[in-house]
Structure formats: structure tokens, C-alpha cells
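2 protein chains.
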Amino acid sequence: MNVLIVGLGLIGASLAKTLKKNTNHHIIGWNRTESVTKRALDDGVIDETGELCEILPKADITFVNFYPEAIPAFIKENKDYFKKHSIVSDSCGIKTKICRDLEKENLDFYFIGAHPRAGREVSVYDKALDNLFDNASFICTPTDDIPRSKTDALVGLAQEMNFARTVVTTPEHHDEMIAFTSQIAHVLACSYVLSPLAPYHAGYSAGSYRDVSRVARINADMWTELFIDNKEPLVREIDDLVSNLMKFKYCIVNEDADQLHDLMEKGNKIKEEIG
Amino acid sequence: MNVLIVGLGLIGASLAKTLKKNTNHHIIGWNRTESVTKRALDDGVIDETGELCEILPKADITFVNFYPEAIPAFIKENKDYFKKHSIVSDSCGIKTKICRDLEKENLDFYFIGAHPRAGREVSVYDKALDNLFDNASFICTPTDDIPRSKTDALVGLAQEMNFARTVVTTPEHHDEMIAFTSQIAHVLACSYVLSPLAPYHAGYSAGSYRDVSRVARINADMWTELFIDNKEPLVREIDDLVSNLMKFKYCIVNEDADQLHDLMEKGNKIKEEIG
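Respectively, the protein sequence lines represent chains A and B. Counting in numbering that gives the first Met the number 0, the first sequence runs from 0 upward without gaps. Counting in numbering that gives the first Met the number 0, the second sequence runs from 0 upward without gaps.
Hints may be right or wrong, so weigh each one.
Note that identical chains are pooled: a pair holds if it fits in a single copy or bridges any two copies.
[Stated by the list, open to error] In silico SDA-like links for lysine to any residue, alpha-carbon gap of 20 Å or less:
#1 K75 to V121
#2 K268 to R213
#3 K246 to V234
#4 K248 to R209
These are computed hints drawn from the structure, not numbers from a lab.
Please work from the sequences and hints to get the whole structure.
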């Protein structure tokens, strides 16, 4: 197959490297900033590049690796170039807005939203890894009009690429789960380091500070889009989190040791069970 | 010197192992559950044990490794046994309540509160490590009546033990910083996994979930005491965190991309600068 990677940042270039490492597919690459495409070609991360009007028609599967808002825009703008009946996918962190938007378009190829669940604090070509997805889940969110064979082909490619797990679900369920597993974790890491005491942590901090604050290193441009595009599920998670924090506060203020103990025992038990 | 470790759980036994590995001091050990003391002796983690009335008078430095409430109680109960002019210390996570309580006692030895900044999810003898403190900070909080030479001796021992850093500060400053670096991190990890979506995370989660939820594995007995004993600083941190979360919520609900971007950029910059 010809697999086309559009956008060679951290995720795009890691997808390309993973494809090169684990499959024999022919990898075509394209990046808005041409110097990056050239480096990927020189590094052997991709086999070929070219003008969009030349390479889009060749690709059996295309991954568009842009910030959320740019993905449907790019696909609509280039919709006449994509190979007929081919699979077009993406890798961004929200799915409902993109999939439901493109579902309404009259496309002669199949858009299946995808989300490879891995990342790093810095999202540039240089940080790409051929093992970024080794322990990762590949989630894809076909809408009802997608033939089963197309979803199977995309999932099959993810398995060939050595993803640890593949999940097929709806865009809405994906976004609800991601609000919990990823988005709120980033919101709270940022909120945590905004404490006035954060700059003085050295000498007082250890593993808990290190782990809880890690994802405060955030790409503000990308996450602004991701958060606003997933407003309702994320706000529900913020509300749940604040409500749980207030339960802790209430127990501590009232020195209610029994209730506080119960809350922690519940948290501990959940974490023990779910990993 | 004779160094006595009272309480051979995770921290006590790790202190003993670290002393054996990095110093030539004679290590005496004692644990409430005798079978643990016997194992520590058999494992060579301690050199000697005995009745409290025999071993307390021999120790030049004693570390009492109990839950917070039990520490002043133990020290007062056994105050006639400790060696005159010796140093008595502890290892628990709050300092003000303990140090200010013992400061009022008429003791003929020197109590200097201490907090070796490391831990693991499970706090038992079996999990003790001789390298638990290799990258850790040793904080001690002498009250005004402690001679400088005694603080220097305790800090000197921590340096011999290969702690990465030593900090001398007041009990109050310690507790304020620990409310931020450790306690609120545990509160938020527990609050996070109490989300109704937590049990369904598998397939949707990656590094951010893993790191932010890690310390939800918590010893509820110990942390109940630690949180209530450090009520005011911890409630301040909960209030700050909730206020920052509400700022995020406000931006997201109102789709205020500029403000949301500013908040994240601020969090990102702080984390980049402070590590």
C-alpha cells in the first residue's frame, strides 16, 4: 500500500517511522514547511514526497496530522485529489466535531477519525520516535456510513504497526473518555503549577509533584482548540473533579477523619483495581 | 555512632538500609511487630535489637518512624530512656504539630523533626530500598532551642547517607511547602480517579492518566492524619487549585480561546522554568 503522512510533527513523523520499522508499505510524506519534508526524506523517514495534487491521488491510506480545526479544512479543500474509495484518517485528540462535520460532506473516499494515544511534552519532528506507539492504544471512530471493510483495513494497519491495542468506538464516546483520561489531566496539571508556591518547590518536592505536574508542559495553541472543541464532556469532568476536591476540603475543614478516610480508601481501591 | 531506627516500615527500613550501605555506624532497630524486627536482623538491615529500655539509652541519633500522631506520644512515653543530649528525630510528612508540641516538653535530649522526601505506593518493610533516598531531599526543622551543632550533626548524617540535598527550615514553612508539593497532589489524584469514567479508562488512557493518577494509591490511615494535622496550608492549596480549575472552566464554557491560551501558556512557562 501507499501510506501518505500529511504533517510531519511529533505524531506524523512517529507514524511514518513506525510504518517504516514495522511494515513494508511505501511511505509518502508531506509537510507545510518544506524543509521538514526534506529532512524526513533525507533521514529515510519517508520514501517519497511531491505536490499534494500528485501524491494525494496515489495514497491508499492518508493520515492528516494537523491541529483539530485545520483537519476538516484541509480535507475539504483537497477533496478532489484524494484517491477514490481510499481511507483518509487523522490523529488529533478530539473526534466528534471533525467526524460529524466530514460526515455531511459528499466525499468519494472514506474518512475515519483516529487517535493514536501517545504523545510527548514537545511536539516537533525532532522528537519523533519509532517506538512512541509500542504501548499505545489506536482508537478509531468510524461514522455509520463507513463500510466495515474500511474500518477493518485501518485497524489492520494499526495492528501491523504494532500498536498494543486497537479500539473502535463512536466519536462521542471517544471524546467523553478522552475528556477524562487526557484533557482533565492536562487542565489539572496546569492548574496545579499555577499555585503561588510552585516556583519554590525545589528541595521540597519528590515523585508526586513530578508526576502530577508533568503534563503542565503543554502546547497551548493545540490544546486551546482541543478543549473548546470538546467543551461539554470536559466541563463535566471539571465539575466532577471540583466536586470531589470540595468533598476533601469539607472533611479536612471539619476534621472529619472517618469521612476523609472513606474518600481515600475509595480512591485507593479504584486505583488498585483499574490500574 | 549508634543510630537507632524505631519503626521498620518502608521509610524506617529504607533509612536502615541506606545507613548500612553508605556509613559505618552501628544500626540498632526496633519494631512494634516483633517478627519484622527479627527479619530485619536476619536480613542484616540492622545490627542489633533489644527492649526499648535497653536500646534507647545507647542511641546517639534515634529516628522514630511512625504515623504522625504516634510520634510525640512515643517520645513522651519513653522520654526517660533516651540518651542525654542525644538527637531524636522522625520521618513523617508534617512537622509543625509535632515540633511545636515537643518543644513545650522538658526533654534532656534534642528533638529535631525531619522529613526524608521519598516514598512508594506501598509502605511496608518488604518494599524498603537502600537507594530510595538517592535523589531525595532531607528536610529538617529545628525549633529555636536546638543548638546549631545538633542540627549540623543530623544534616551531616543525611549527607553521609547520600541524600541528594539537605534543607533546614522552620516546621511551618515545611508544612506550607509540603501542602503544595505532596499533599494536594495526593488529594487531586484521589479526586481524579473518583470520576465515574475512571473504571473505563483502559484503551483510552496513556501517560497523562498514568502519571496524574499514580498517587491515588494511598495509605488512607496515614494520610488522614497528615491532612488533618496540616489543615490550614492544605485547605489554602485546595482553594487555589479549585480557583484555577474554575478559571479554565470559565474560559472553556465561554469559548474564550485567548484567555484559555494565556492560562496554559502561563502554566507551561512556569513548568518549563521550575522543572
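Evaluated hints:
Taking the shortest alpha-carbon separations for K75 and V121, neither the intra-copy value of 29 Å nor the inter-copy value of 53 Å comes in at or below 20 Å. In this homomeric assembly, K268 and R213 come within 20 Å of each other (Cα to Cα) only across copies, at 12 Å, whereas the closest approach inside a single copy is 24 Å. In this assembly of identical chains, the alpha carbons of K246 and V234 lie at most 20 Å apart whether taken from the same copy (18 Å) or from different copies (12 Å). In the homo-oligomer, the alpha carbons of K248 and R209 never lie at most 20 Å apart, since the shortest distance is 23 Å inside one protomer and 24 Å across protomers.
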